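Asks: Taking the hints into account, I'd like the entire structure generated from these sequences.
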Amino acid sequence: MSEPLLLGLGLRASYVLRIGEVRAVDGVDIEVPRDAVVGLAGESGCGKSTLVNVLLANIRPPLRIKSGKILLDGVDLLEMSREEVRKKVWGVKVSYVPQSALNALNPTKRIIELVKDAITQHTPATDQEVVSLCKRRLEELNLPTDSIHKYPHELSGGMRQRVIIAISTLLNPRLLVVDEPTSALDVSTQKQVLKMMLDMKRNRIIDSILFVTHELPVLRQVSSHVYIMYAGKIVEYGPADSVFFNPLHPYTKALMYSVMTPEPETRERGLVAIPGEPPSLLMPPQGCRFHPRCPYVMDICRSSEPRLVPVGEGRGVACFLHHSEVAS
Amino acid sequence: MLEVKNLSKVFTVGLFSRHRIEAVKNVSMNVSRGEIVSLVGESGSGKTTLCRMILRLLEPTSGSIKYDGVDVTRLKGKKLKWYWRKVHGVFQDPYASFHPFYRVEHILYQAFNLLPGLSEEEKKIRVHEALKMVGLNPEEVLGKYPHELSGGMRQRIAIARCFILDPELIVADEPVSMLDASTRVGIIKLFSDLRDRMNSSVIFVTHDIGLAYVVSDRVLIMYKGVIVEEGDPLTVMDNPSHPYTRRLREDVPLLYRKWEGF
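Each protein sequence line maps, in turn, to chains A and B. Okay, so the first sequence: first residue is 106 according to the working numbering, each after it adds one. Okay, so the second sequence: first residue is 6 according to the working numbering, each after it adds one.
Just so you know, these hints were derived from the structure itself, not from any lab. Please read all numbers here as calculations on a predicted model, not as lab measurements. Any given hint could turn out to be false.
Stated by the list, open to error - What the simulated footprint calls covered on chain B by chain A, stretch by stretch (three residues with Cβ under 8 Å from a Cβ of chain A suffice, anywhere in the stretch; the number is not a length):
1. 154-161
2. 188-194
3. 206-217
4. 233-247
5. 253-262
Cβ coordinates follow ideal geometry from the N, Cα and C atoms, glycine included.
Replies: Below you can see the structure in the form of structure tokens.
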């Protein structure tokens, strides 16, 4: 087995605020293999966007990293200075399209100006070269090449998102990280954006994608592996289909029972509500963080915290229900 | 119970060159007692405009809305209050519909403006019962301000207001689209509770065909201001007749089936 493209080990990061410490990432191990689409699923406030920032070594106060190691393509990002990371890693080895990208473009500049500003940080290419690079990339992905000369508002939401993703990978980074790239789009546009990302992987523009979303059906369509995050911790991971169709953690099970898709299976299966609300990361519950909402709660869950333990077939789960199986 | 006939809404924009936007075009629909109907469409399809007209928050350009045989299209004053007692709205962001300076208690007691003649004791009982029905602890939430509650709890308060008023029809405009997966189902279930306990009808206005499919007795598909398809959810999804519905079925991500060629 080749080494993973991205490896995060024992990551702990907190927002240090006056009112206390928000442990948004609390002991996370995560791996993005080569040639894979890894889905990171969880609800808002579970720490998934923070985890992404940590994995990209984009750590600025009040966010602080407490411990851990991040290896991207064999390089330890936490050993590098922020300046080095910005020059040599972002856009070169990994590209990140944050949730707000769609509406965060400077409205007074044409797309190509924005690209030039960004890219000259990383490469000595001339303006002419950047333009032809952009055009070639857009052509390759069947996007209209004239869109680079337009202003952001002149492109529709879906087109803007596709153009952003396409040009964010101009320097052929190995990893693309996207955070909720399609949650603001209607389903048809969403499908086009997803298709384009998979095409980019097929065309070897990128090797792997780390896809952050709360929408399980989307992950079902695109991902090869999934990680399920709850209250700052990974509770379950594994190959996508096996996690979806044989969920081990009660939280994953509950999530599956709350998915509403227009399929007969969904109607037959029915909907089951999860009682309560996700905990505050300022004061997470003792023991397993899901225990106040868990239908299978046992005594041990209230006092000790389950570790994320491998259970075979590339899967892992943090739940005492399955630890006993491992022991016996 | 609710009969909407040839309802249209035209917005004119622009100062010099009057530009007409036909948000809702000649829409007819009806809702029977105890029925859960979903109005499905993408953003800009006119579904919210239609729902605001049904709630009488927006004046229709033409057409009529009848409720229990009474034409309510141009009702005013006391008569309009009568209608609002029967038909109640729940919106996407309850934070935006609650006055931030008022405590939950005050917000809920406002509902009694539509229900005159109750004693203080009766009001108190109703408020407490309603909160319990939506799964909230009255002692815990009554003294709080909207910003001290989570999105799910705020939406529960909005629904508690429905329970207090005991309305016959609830129009819920994207009531769960701002909520997380794990809290979403709990809220959806409250609406079916309302139907089961009080025989209320519910109109869900949503972009989420999955939600519509799972919870409703009937779906209406809206596209560019027109209702293009209508029927029970299984038939509509199995056998869509309009190209838009067909596209919707093909493009919505599913859980149990993978897209072809992906």
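Asks: Does each hint fit the structure? Answer for all of them.
Replies: Structure-based check of each hint:
1. 154-161: holds (count 3)
2. 188-194: This one holds; 6 residues, not fewer than the three required, reach chain A with a Cβ under 8 Å.
3. 206-217: With 6 residues closer than 8 Å to chain A, the region 206-217 of chain B meets the three-residue bar; holds.
4. 233-247: With 3 residues closer than 8 Å to chain A, the region 233-247 of chain B meets the three-residue bar; holds.
5. 253-262: holds (count 9)
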